[in-house]
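S.K.: Build out the structure end to end from the sequences listed, making use of the hints.
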Amino acid sequence: MGSTMEPPGGGYLHLGAVTSPVGTARVLQLAFGCTTFSLVAHRGGFDGVQGTFCMAAWGFCFALSVLVVACEFTRLHSCLRLSWGNFTAAFAMLATLLSATAAVIYPLYFTQLECLPEPAGCTARDFRLAASIFAGLLFLAYATEVALTRARPGQVASYMATVSGLLKIVQAFVACIIFGALVHDSRYGRYVATQWCVAVYSLCFLATVAVVALSVMGHTGGLGCPFDRVVVVYTFLAVLLYLSAAVIWPVFCFDPKYGEPGRPPDCLRGSCTWDSQLVVATFTYVNLLLYIADLAYSQRIRFVPTL
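Taking UniProt numbering, I'd label the letters of the sequence shown as residues 1 to 307.
Hints are computed from structural coordinates only; laboratory data are not their basis.
Using N, Cα and C, we set each Cβ at its ideal position, and we do this for glycine too.
Any given hint could be a false lead.
Said to hold, decoys possible - So the derived label-pair ranges between C-beta atoms look like this:
1) Thr282 <-> Gly45: 28 to 34 Å
2) Thr74 <-> Ile177: 33 to 39 Å
3) Asp266 <-> Leu80: 53 to 59 Å
4) Arg75 <-> Val49: 36 to 42 Å
5) Ala199 <-> Gly45: 38 to 44 Å
6) Arg81 <-> Phe254: 45 to 51 Å
7) Tyr109 <-> Val192: 35 to 41 Å
8) Leu237 <-> Ser20: 47 to 53 Å
M.R.: Below, the structure written as structure tokens:
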């Protein structure tokens, strides 16, 4: 009985996983990611919520990049109960967003041109500058993978590699920013209208995560109706829901009848309700535009569930 793993004479290792353009980008991700958090952990230093987020983002991306490269190189991804093309496309987009955020936050909060006070001194400053540079290179490596694997017009590809699929990751990421601002003293519970907005953000986020999860797990064929039609209908509803939130939230937060039209003079930076409300309003409009773009693209694709 012949082997079902590889044809006779075939290799068990897939060298293209590290020598192809996408493979090279992934190897660079490992190199830049390991260098970045090693520089920070060794002498650069980090503290607070911002530093913890950066280290968590770099660690998460590095760990999953190791998994992706190892599975591609050994061909073990064929044994996993998930759609590998959807998984790698979704992870590359998420890692791009996380690394971009960390590449902005770390230099903003921890990097300066002057030497730090002793005992850190100039050594810690140099390590932080180097970490900031490698953090930017890490973002470019993940963005390169997204650009290389993104589906082109007329190309048969997994759903998460399409523009619509990639936008789903961005929408969920933006929703997480909204949730972070909501829990930071946004006072959304004062009015039923603002509570409706929170319900909109939560419902759309959960539905978007469900679409991504179904795609990654390869279970889109069990919905009872075409997956691409479900995506279009859901995206249309999300546009309507976000449109309502884009109108309601600013009115009940910045209209003089209900809130503050301008930033209060006694509002401390970092702990200001008005700032949190402004962040929510801004990213509400960002996500509304993302869902509109998603709706436009989702009508032009045809989903292939076997990829």
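S.K.: Hints numbered earlier in the text: which of these fail when held up against the supplied structure?
M.R.: Going through the list in order, the structure violates hint 8 alone and respects the others.
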